[in-house]
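Chain A is fixed; fit chains B and C onto it per the hints.
In the order they appear, the protein sequences are chains A, B and C.
The first sequence maps to residues 59 to 359 in our numbering.
The second sequence maps to residues 3 to 451 in our numbering.
The third sequence maps to residues 45 to 352 in our numbering.
Everything labelled a hint here was simulated from the structure, so no lab data went into it.
Check the hints yourself; a few may be wrong.
Unchecked claim - Label pairs and their computed distance ranges (CB to CB): (1) Val-83(C) x Leu-274(A): 22 to 28 Å; (2) Asn-103(C) x Lys-303(B): 54 to 60 Å; (3) Asn-103(C) x Asp-118(B): 31 to 37 Å; (4) Asp-142(B) x Gly-111(C): 31 to 37 Å; (5) Ala-186(B) x Val-136(C): 57 to 63 Å; (6) Asn-103(C) x Val-103(A): 47 to 53 Å; (7) Asn-374(B) x Pro-128(A): 46 to 52 Å; (8) Leu-274(A) x Glu-66(B): 57 to 63 Å; (9) Ile-119(A) x Lys-65(B): 45 to 51 Å; (10) Leu-94(C) x Tyr-85(A): 53 to 59 Å; (11) Ala-186(B) x Pro-128(A): 49 to 55 Å; (12) Lys-185(B) x Ile-133(C): 53 to 59 Å.
Just so you know, even glycine gets a beta-carbon here, dropped at the ideal spot from N, CA and C.
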Amino acid sequence: MAAVLEASSAGKAKTGSMRRDRKRALYWSYFFLVLFVIFFLTPPVYMMITSLKSSAEIGAITNPWWVYAPTLENYWALLGSEQYLTFFKNSAIVSVVVVIITMLISIPAAFALARMKFWGSAALGMGVFLTYLIPETLLFIPLFKIFAWVQDTLGIEMMNHYWVLMVIYPTLTVPFCTWIMIGYFASIPKELDEAALIDGAGYLQMLLKIFIPVALPGIIAATIFAFTVSWADFLYPMAFTTSADQLVLPAGIVTILIRGDVYAWGQIMAACLLGALPPLLIYAFLMDYYIAGLTAGATKG
Amino acid sequence: MSSRPFTRRRFIATTAAASAAAVGFPYIRTSHAAGSLSVGFWDHWVPGANDVLTKICQDWAKKEKVDIKIDYITSQGNKIVLTAQAEAQARSGHDFMTFQAWDPLDKQGLLEPMDDIIGTLTKANGALEPAAQYLTKGKDGHFVGVPAVTGTQVKPPCARLDLFKKVGVDILEMYPTLKAPTKAAENWNWDTLLTAAQKLKAEGHPIGLGLGQTTDSVDWVGAMFASFGAEMVNAKGDITIKHSDGVKQGLEYMQKLVKEMPQDVFAWDDASNNKYIISGQGSMIMNPPSAYAVAKRDNPKVAEHLYTFEMPKGPKGRFAPYLPFIWGVWKFSKNRSAAKSLLATIWQKENVEKLVNGSIGYDIPSFAGQRNFKVWEQVGPPQGAVFHYPPKGDQKVWMACAPAPVAIANQMYVQGFMTKLIAQCTQGGMTIAQALDWGAKELEGYQRS
Amino acid sequence: MAAVLPRSQATPAVRGGGLRRVLRRKSTLAFLMALPLIVLIGALVVYPALYSIHLATLNKSMERFVGFGNFEFLFKRDLFWMVVKQSVIFAVSAVVFKALIGFCVAHFVHNVPAKGQRKWRGMLLIPWVIPPAMSTLAWFWLFDPSYSAFNWVFARIGLPTITWLGDPFWARFSVILVNVWYGAPFFLIMYLAALKSVPEQLYEAAAIDGANWWQKIWYVTLPMMRNIISITVLFSLIVTFANFDIVRILTSGGPIDQTHIFATWAFKLGIEGNDIPLGASVSLFMFPILAIAAIFILRDINRRGNEA
Chain A
59 MAAVLEASSA
69 GKAKTGSMRR
79 DRKRALYWSY
89 FFLVLFVIFF
99 LTPPVYMMIT
109 SLKSSAEIGA
119 ITNPWWVYAP
129 TLENYWALLG
139 SEQYLTFFKN
149 SAIVSVVVVI
159 ITMLISIPAA
169 FALARMKFWG
179 SAALGMGVFL
189 TYLIPETLLF
199 IPLFKIFAWV
209 QDTLGIEMMN
219 HYWVLMVIYP
229 TLTVPFCTWI
239 MIGYFASIPK
249 ELDEAALIDG
259 AGYLQMLLKI
269 FIPVALPGII
279 AATIFAFTVS
289 WADFLYPMAF
299 TTSADQLVLP
309 AGIVTILIRG
319 DVYAWGQIMA
329 ACLLGALPPL
339 LIYAFLMDYY
349 IAGLTAGATK
359 G
Chain B
3 MSSRPFTRRR
13 FIATTAAASA
23 AAVGFPYIRT
33 SHAAGSLSVG
43 FWDHWVPGAN
53 DVLTKICQDW
63 AKKEKVDIKI
73 DYITSQGNKI
83 VLTAQAEAQA
93 RSGHDFMTFQ
103 AWDPLDKQGL
113 LEPMDDIIGT
123 LTKANGALEP
133 AAQYLTKGKD
143 GHFVGVPAVT
153 GTQVKPPCAR
163 LDLFKKVGVD
173 ILEMYPTLKA
183 PTKAAENWNW
193 DTLLTAAQKL
203 KAEGHPIGLG
213 LGQTTDSVDW
223 VGAMFASFGA
233 EMVNAKGDIT
243 IKHSDGVKQG
253 LEYMQKLVKE
263 MPQDVFAWDD
273 ASNNKYIISG
283 QGSMIMNPPS
293 AYAVAKRDNP
303 KVAEHLYTFE
313 MPKGPKGRFA
323 PYLPFIWGVW
333 KFSKNRSAAK
343 SLLATIWQKE
353 NVEKLVNGSI
363 GYDIPSFAGQ
373 RNFKVWEQVG
383 PPQGAVFHYP
393 PKGDQKVWMA
403 CAPAPVAIAN
413 QMYVQGFMTK
423 LIAQCTQGGM
433 TIAQALDWGA
443 KELEGYQRS
Chain C
45 MAAVLPRSQA
55 TPAVRGGGLR
65 RVLRRKSTLA
75 FLMALPLIVL
85 IGALVVYPAL
95 YSIHLATLNK
105 SMERFVGFGN
115 FEFLFKRDLF
125 WMVVKQSVIF
135 AVSAVVFKAL
145 IGFCVAHFVH
155 NVPAKGQRKW
165 RGMLLIPWVI
175 PPAMSTLAWF
185 WLFDPSYSAF
195 NWVFARIGLP
205 TITWLGDPFW
215 ARFSVILVNV
225 WYGAPFFLIM
235 YLAALKSVPE
245 QLYEAAAIDG
255 ANWWQKIWYV
265 TLPMMRNIIS
275 ITVLFSLIVT
285 FANFDIVRIL
295 TSGGPIDQTH
305 IFATWAFKLG
315 IEGNDIPLGA
325 SVSLFMFPIL
335 AIAAIFILRD
345 INRRGNEA
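Pulled out of the complex, with its shape left as it was, chain A reads as follows:
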């Protein structure tokens, strides 16, 4: 689009002001883009700088924006720390399991809602969307009490176990993923349906053999979304898990690593960076799917 504009403005080069306008707009754009990139990237960059500092250097209050004696000791300490690795492991297990659960729930449900009319499907579609509007900050207190009651009466230990997160995280991921998938499924041409049905395929086969492969970008986007949300959630682990061996990364870093020992900030920043690494890596390699998923939610369906 911009290329078209450039071509058309190049054609109007006779009126030199047009090209000058374009150039001026471009320079100003770059200028502001650089400013905003600085604004957006300052914290991650600062995280990295601080994580390379030893405690002594932080304590000496030298230039906080530059490392004089870079050291990887914070990273080694973390990677060698059983506790931190436990956080990582817990986060990984929870996130992967939640993604699988989410996909198992969302895809069939989205298919049913997008393709098959049944009693209440319209209401359910709306309902799915509405639940996204009941925030976790409203639910965590009754859930707290419900889990405590279950533990008290049924003896199933729900508090302070990370597998509880696997049960409740889907409430955060399933509504939006279902919505994304409905959008993708709805845009698959109905001729494919008809062709399949004529060939004698059942609905299940249609789902597996046609819809999923065709909507794969949407599935990937939804998977990424579910993973990122599970990895990053903070309130539920804060409310429901307390022992160090049950914590996931966000809650673990904030509650355990922030201790009285004031100079551990180099390590805390390293812990944050390492903890942010999986979502960042996924983003780096699958950025287009990531963005497609976000925009699909709003523009499709």
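Same frame as chain A, now just chains B and C:
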């Protein structure tokens, strides 16, 4: 439970990897056999202090053949309070848990009586500190907890000798090295502190006394108000804040003192005052020796001037801010006898001495006969740095929010009522009368049941 | 959206009674496929939400029924109204800034030649990708009273240092700033996608009519993007209103409760203060406001769905 041999633990002890000490091992298991015990201790702010306690517990576990699981829970972000709440709600969690300040009495219905242990300990070690008795004796006269060895602390001033000397306050003259306080200490009161604070601010090294909502701020403010004779809620539960002269005097004083302190003290948490003095910026905080311990490791130039001594004297006396941690056993625990046995073991005199040494004198034993350990003379430089830390002499130990009834006191404490009251008539711009009105309404809210 | 679903026109080869059988099969199959979703939402969203209403009617120790007692109690507290005010200010100003920044930066990225856009977009989305708990910790360290890197720079160039988290005004500013930093990239991506779908001819027509850049935006871009703007703004209002992480980590509601929003105050009262019914009551207050926002979104979506 899998067994993890002791030797596989990596001891990272060098100063270069001192930051690694922050990433300790707060959950440890030992070899199993009969019975299992899950223990929640307070995560100590003095680097390395946890290890002493771990060893004591492990030795006990080996002897008694109990499978022990130890969790060190931090007080940062109120984590240890949250954990206790969650366990109380869920009726399950650690067998043996650490509570702070007013919490055990607030939960007395759920805690196992400890009269037998207190009895044994009193016989062996002398009388229990009255303030500790006040906080562990339940409505029915039974003790519901035993004061913890680790973490029970006072928060007297910890100041820079060199900076105070510069502004004309010779701390060593009042509280000489390894000797009892002199006559000059009679002049160490809130007014002399204010004068010194003004001069120190002019020198560019203001004092920093926290006014946030965490225990470091609430405790010293409670003792300050007590020294003016303030009573916000009396023992019967009546709200007396508007009729208490002590409250007004305390607030008037704070209006003056706040001007000499950095503005951000209102947002300080438990670590902020430590950071403030270790960085060299601050001239005084009110804290147990944890800041000193960390400074010794990371900024020795500052540490060698840090001296802990007594609270300033107020019109009604000298009060030391007390923060006890209390060990309790939940009634729903499945191994209460093992928990009690562990408690008794930790409180044996040699173990107590080991713990207090490991914490460089931070921990204050709650029995009269255990206040004479050598550690308080030996810690330094500067020599006698923590000699005046354990409360003695005319210093009375005071629990913030006393003498209010437990439920109200716990709310006042946890919500940081007193520091908020000060903030309202300083940073918040209210007059003292308006602040008292606000305070009375807040206190009514805490009467909720 | 989901309300306007395509109906499969395919009819199977078998007719008559067989047809009815198939249709019946289809709808039960559909129901079964949607069942896990229904169970999940019912058990873990709807039921707790209703339960929280029940909890809000109990007294502090949860032994007595007090009806509206908790709400009466809250209405009398100044702090409650302050939290309401703060939550609204927080949500509205954060969303306004996020939308503005997202909109402007989307234009800048859009102006850049197409092949360069990808890397700018990549860099600008990073705040949204990092888990908020961790990036907020970085901000916390940047704002630290003793070690703030910002204050270090200010001191160097002679500006007064700012008590980022200690002064009520600056604390509110910081909390909003971090939320804007975190959320603006989302708006950016949405608006960028929407910008691309605005037809070029409209701009050219406007240019011929002599419109300058400001008029182009007002008369071409904004109307075309109206739907996406309203959806993102309303969505973000809901999410921002219910925010917890940022305030909890930066200020825990302080100083003097000046940065408490519903979620953090509910946490403090309900879980830290051991008063679950009161915490539930506070949380419930979010619901009416969220419901109003939801109604607007639904109206918009339905309108869009009918237009489409």
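Outcome for the supplied range 31 to 37 Å, where the beta carbon pair is Asp-142(B) and Gly-111(C): The hinted range 31 to 37 Å holds for Asp-142(B) and Gly-111(C), with Cβ atoms some 33 Å apart.
C-beta pair Lys-185(B), Ile-133(C): status relative to the range 53 to 59 Å that was hinted: 56 Å Cβ-Cβ, so the 53 to 59 Å window holds.
Distance restraint evaluation - Ala-186(B), Pro-128(A), Cβ atoms, bounds 49 to 55 Å: For Pro-128(A) against Ala-186(B), whose Cβ atoms are near 50 Å apart, the range 49 to 55 Å holds.
Val-83(C) paired with Leu-274(A), Cβ distance criterion 22 to 28 Å: 27 Å, holds
Range agreement (Cβ of Pro-128(A) with Cβ of Asn-374(B), hint 46 to 52 Å): 49 Å, holds
Hint check for Val-136(C) and Ala-186(B) - Cβ pair distance inside 57 to 63 Å: 59 Å, holds
Cβ distance range 57 to 63 Å for Leu-274(A) and Glu-66(B), holds or violated: 59 Å, holds
Consistency of beta-carbon spacing, Tyr-85(A) to Leu-94(C), with hint 53 to 59 Å: Holds, at about 58 Å.
Whether the CB-CB distance between Ile-119(A) and Lys-65(B) falls inside 45 to 51 Å: 48 Å, holds
Cβ separation of Asn-103(C) and Asp-118(B), checked against the hinted range 31 to 37 Å: 35 Å, holds
Range agreement (Cβ of Val-103(A) with Cβ of Asn-103(C), hint 47 to 53 Å): Holds, since Asn-103(C) and Val-103(A) (Cβ atoms, about 51 Å apart) stay within the stated range.
Hint check for Lys-303(B) and Asn-103(C) - Cβ pair distance inside 54 to 60 Å: Since the Cβ atoms of Asn-103(C) and Lys-303(B) sit about 56 Å apart, the hinted range of 54 to 60 Å holds.
The earlier numbered hints are all upheld by this structure, with none contradicted.
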